[in-house]
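These protein sequences, in sequence, are chains A, B, C and D.
Residue numbers for the first sequence follow UniProt numbering, beginning at 1 and rising by one.
Residue numbers for the second sequence follow UniProt numbering, beginning at 1 and rising by one.
Residue numbers for the third sequence follow UniProt numbering, beginning at 1 and rising by one.
Residue numbers for the fourth sequence follow UniProt numbering, beginning at 1 and rising by one.
Each hint should be verified, as a subset may be incorrect.
As the list makes no split between identical chains, a pair holds if one copy fits it or if it spans any two.
Listed next, the in silico DSS-like pairs over lysine-lysine satisfying Cα-Cα at most 25 Å (straight line) [stated by the list, open to error]:
id, residue 1, residue 2
1, Lys157, Lys145
2, Lys200, Lys43
3, Lys43, Lys90
4, Lys81, Lys145
5, Lys90, Lys126
6, Lys197, Lys126
7, Lys151, Lys244
8, Lys244, Lys81
9, Lys140, Lys90
10, Lys43, Lys244
11, Lys197, Lys43
12, Lys244, Lys83
13, Lys197, Lys157
14, Lys43, Lys126
15, Lys197, Lys83
16, Lys151, Lys200
17, Lys43, Lys13
18, Lys200, Lys13
19, Lys157, Lys83
20, Lys81, Lys222
21, Lys151, Lys197
22, Lys222, Lys244
I should point out that these hints are in silico values taken from the structure, not numbers from a laboratory.
There are 4 protein chains.
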Amino acid sequence: MATHLLTFTCPDKAGIVYAVTGVLAHYQLTILDLQQYSDPDTKTFFMRVHFGHVDDTSHLLQPLNSLNLHTTFQIHPSTLKPKVLIMVSKIGHCLNDLLYRQRAGLLNVDVPVIVSNHPDFEPLAKSYGIDFHHLPISAKDPTSKDAQESKILSLIKEHNIELVVLARYMQILTPNLCAEMSGRIINIHHSFLPSFKGAKPYHQAYDRGVKIVGATAHFVTKDLDEGPIIEQQVTHVGHAQSAKDLVDRGATVETQVLASAVKWWSERRVFLNQTKTVVFN
Amino acid sequence: MATHLLTFTCPDKAGIVYAVTGVLAHYQLTILDLQQYSDPDTKTFFMRVHFGHVDDTSHLLQPLNSLNLHTTFQIHPSTLKPKVLIMVSKIGHCLNDLLYRQRAGLLNVDVPVIVSNHPDFEPLAKSYGIDFHHLPISAKDPTSKDAQESKILSLIKEHNIELVVLARYMQILTPNLCAEMSGRIINIHHSFLPSFKGAKPYHQAYDRGVKIVGATAHFVTKDLDEGPIIEQQVTHVGHAQSAKDLVDRGATVETQVLASAVKWWSERRVFLNQTKTVVFN
Amino acid sequence: MATHLLTFTCPDKAGIVYAVTGVLAHYQLTILDLQQYSDPDTKTFFMRVHFGHVDDTSHLLQPLNSLNLHTTFQIHPSTLKPKVLIMVSKIGHCLNDLLYRQRAGLLNVDVPVIVSNHPDFEPLAKSYGIDFHHLPISAKDPTSKDAQESKILSLIKEHNIELVVLARYMQILTPNLCAEMSGRIINIHHSFLPSFKGAKPYHQAYDRGVKIVGATAHFVTKDLDEGPIIEQQVTHVGHAQSAKDLVDRGATVETQVLASAVKWWSERRVFLNQTKTVVFN
Amino acid sequence: MATHLLTFTCPDKAGIVYAVTGVLAHYQLTILDLQQYSDPDTKTFFMRVHFGHVDDTSHLLQPLNSLNLHTTFQIHPSTLKPKVLIMVSKIGHCLNDLLYRQRAGLLNVDVPVIVSNHPDFEPLAKSYGIDFHHLPISAKDPTSKDAQESKILSLIKEHNIELVVLARYMQILTPNLCAEMSGRIINIHHSFLPSFKGAKPYHQAYDRGVKIVGATAHFVTKDLDEGPIIEQQVTHVGHAQSAKDLVDRGATVETQVLASAVKWWSERRVFLNQTKTVVFN
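Bound-form chain A, shown alone (with noise of 0.2 Å):
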């Protein structure tokens, strides 16, 4: 019989984890693993259970939802993929990376369909035998690119997308597609935020002369590179690196932190908690 994970938001009071375990419990449900936060700042409660043993969890809903706790509750099978979209434009390292790692049962998700305003990627997506759209927006169009988005959100609704992954997509969203989506747009930016927001990351680090460079997984606002932020790693580097360097060294932090958030995404692991979020890995 299956495992499962409850994730459960809702403003904080006394009481929660008993009212909630007491479900679980008079199922005879036993807890594997139980992660809980109450912020103190926006007096929200967060929890993730990893229960089972059970193949369905129908009969939960009912006595969870009468709990009555103003409460946002999801309950998954802890061995679900979720749909994901991933959007990429010229640069490939964290697509290919994203790929690889599914395939290799190194994170749990199903990719059914890659979106890119360039074509460049079709090759890598076919050889995975994954849907490629090449959805291209043209500068001198201002409708294009609303267009392209609902295409977008066509292939979402279509194939049951839950998350949609910006692997170094390098154009900015429409606050229509990102309020649609608030809380299931990841992107990966190549600095580690709030430092060098805007183009060209590593040109603005090397012109300072840091001697770390790093990168950002962060939900996608309407507001550029202020999304709440879901993992940051950096790498050390000196004087002789130069700019091309700087990117390049960069590029293995990106795959690393973009797999990293997608997985904990994946496992349930990460919420929303208004402009920051609570990631229980």
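With chain A fixed as given, assemble chains B, C and D onto it according to the hints.
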């Protein structure tokens, strides 16, 4: 009113979280932070609950005991400073670091007494107003270690010592003292175990030409350098570093690793799990 | 005009830098980057000089040889891509990473041929347009390894291979091949050596309860897992990670460590120094 | 006989290594370790040569000067301890760490004098036998800073101070003192610059929800927090850490970063390169 830390270990079974949080809920106590882990190998349940707000917790003992879970549990006020006895020989960077941290409020412990088999650090101890006991061991007199350790056990009793920290103490403790203080003696070993057990680990590392050296904080057991590991960290080295350079670089790692392990222990985050540890950090 | 890399190893004595840079100065060549190290243990001098700008360097050979320094030296155009043969078994994250990097220009090597004792990665090789040779070994037939290795040596000759990379190749090479390609076979070992030599290192690490796991890139010698170490990296793990989790996290470290070692080798930064290495990075 | 460190900066051109090592070769001096870098942006040549063995190096000055390279060079015995003046306010972890390191032989400097705008660390200074000067500044009296800095300049002269270290000194120096001691004042900033400039960087980091915090050692210039960066390091943080936790974790990083920067400076490894640094480490 104060917050408290409940730590809880017992054989795993369904319903424990529910039962324990039920006691807290019954008394209207809020959970601020809860971490739980069930080890699939040892079938043991571990939980740390940070709860509040109440000044006296004595009324919780009977209901928790009557849950009949064959449990070991403890409740401590979260601001309580555990009493720590530090032992040191002739190398003092860890001692100096721990003393500074506890005075500066970076480490919530109370150090009433320091023991050494050498007199070197009496002035440092005095500058912090801490009792210093020079308890030498004679290699010629095999009974001198037993005599020294009975004095140490007296000091432990006299000062209500909860934790002994071996901050580069270069003598092996007797199995008797190890057993008496099981789970309550932390040692810093100057290599990333299990590499380079035994004497002069940095020189062994230098001879092998490794590119990383590290340090390990672990509980002391009668089997030298085999105790359950609490924390490890490493630092990069290169061909140009001499064995002395490795010793010097390692010193920084040792202070960090030991300070982390003692801090986590003082916050009741560290649990013995047979030959391993569970660390909720 | 091109820049070049001069690498230089000889018994140490006074005046070598002066003598060598004198040859470059005589021909008005500029030094862009120079790194030098004299090992006090092996009394050996190592130097890497990046100089320019000139298209043909053949006129430097005679004057450098006539310095009479009992030296081993090489001059390569800095843009030259060394030919690399990759060997792999059934675990492909390192192979996939290396192939992507060389195509994306993150790794300045040319991979004309891949050898495996299993057929699994033929499609991946083909998608990069690289020759794939399935050269199995039979445990029942002790002569099959020798036969396989002579084919490998033929491929090395045929393709002018400079470096063999064992990218999770799970067979032991014969002492003959190790000797033939001394200093030109790099292996990735999935532990931070010397911890956890031999088989299933992540499972050994899990059983010991360590808090860090790592990987080691080293030159292959006839002594298994004892070759000179080029690079090591580690990652933190905790009590909640299973042995399978350690394997998965380790995969990321392995790809990074091996990519770094191959990159540095391709940039002529790695020197053999008896049982150790000198790495100018 | 002693070894020495020659540090050398000049406009780049062909033949410098040859010319300089020629002077050493002429006097039969052996190079133990040589590092060189030519910055393609600033067209500046940097070199550090560790050579031996000779007690007096005065005969090298004239030949090196007559190379006519418009150079800045210095020769120091490699065991010479540079005189360092430390400034501190009310937070002492960096001061305590530096003092312990220099006494334990981990840091090859001599600290004859400590200056503070507060009296708090007089006992610590005294326990190391170091002169302590309490030189307060009055916010009400704008001339008090000038008066304080002239006293500091007197102390610098009196004690032959080579380097001033701001070990969490919370006052801004005047442009006058910055200019006077250009390249000879190192500050520790408690963020990974350029993120979180200005006051309360850990609180800024907490508010932004970053997953890493760090520290930066940099040369002080008249532009606050904009000086050339010498070293940076970071540490991971998570959602459960409060702003106070970030401050505490940062303290460990600050001590490490500052100790590294001062150590490298004391070993003549750090060069100013306009708005950046060259660090041969």
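Okay, the hints, checked on the actual structure:
no.	hint	result
1	Lys157 with Lys145	within (18 Å within a copy, 54 Å between copies)
2	Lys200 with Lys43	between (38 Å within a copy, 24 Å between copies)
3	Lys43 with Lys90	neither (42 Å within a copy, 34 Å between copies)
4	Lys81 with Lys145	neither (30 Å within a copy, 41 Å between copies)
5	Lys90 with Lys126	both (16 Å within a copy, 22 Å between copies)
6	Lys197 with Lys126	neither (34 Å within a copy, 39 Å between copies)
7	Lys151 with Lys244	neither (35 Å within a copy, 39 Å between copies)
8	Lys244 with Lys81	between (37 Å within a copy, 18 Å between copies)
9	Lys140 with Lys90	within (20 Å within a copy, 49 Å between copies)
10	Lys43 with Lys244	between (45 Å within a copy, 18 Å between copies)
11	Lys197 with Lys43	neither (30 Å within a copy, 29 Å between copies)
12	Lys244 with Lys83	between (35 Å within a copy, 23 Å between copies)
13	Lys197 with Lys157	neither (32 Å within a copy, 44 Å between copies)
14	Lys43 with Lys126	neither (47 Å within a copy, 46 Å between copies)
15	Lys197 with Lys83	neither (30 Å within a copy, 39 Å between copies)
16	Lys151 with Lys200	neither (29 Å within a copy, 46 Å between copies)
17	Lys43 with Lys13	within (8 Å within a copy, 32 Å between copies)
18	Lys200 with Lys13	neither (45 Å within a copy, 31 Å between copies)
19	Lys157 with Lys83	within (11 Å within a copy, 47 Å between copies)
20	Lys81 with Lys222	neither (28 Å within a copy, 44 Å between copies)
21	Lys151 with Lys197	neither (29 Å within a copy, 42 Å between copies)
22	Lys222 with Lys244	neither (30 Å within a copy, 31 Å between copies)
Violated hints for the displayed structure, listed by number in ascending order: 3, 4, 6, 7, 11, 13, 14, 15, 16, 18, 20, 21, 22.
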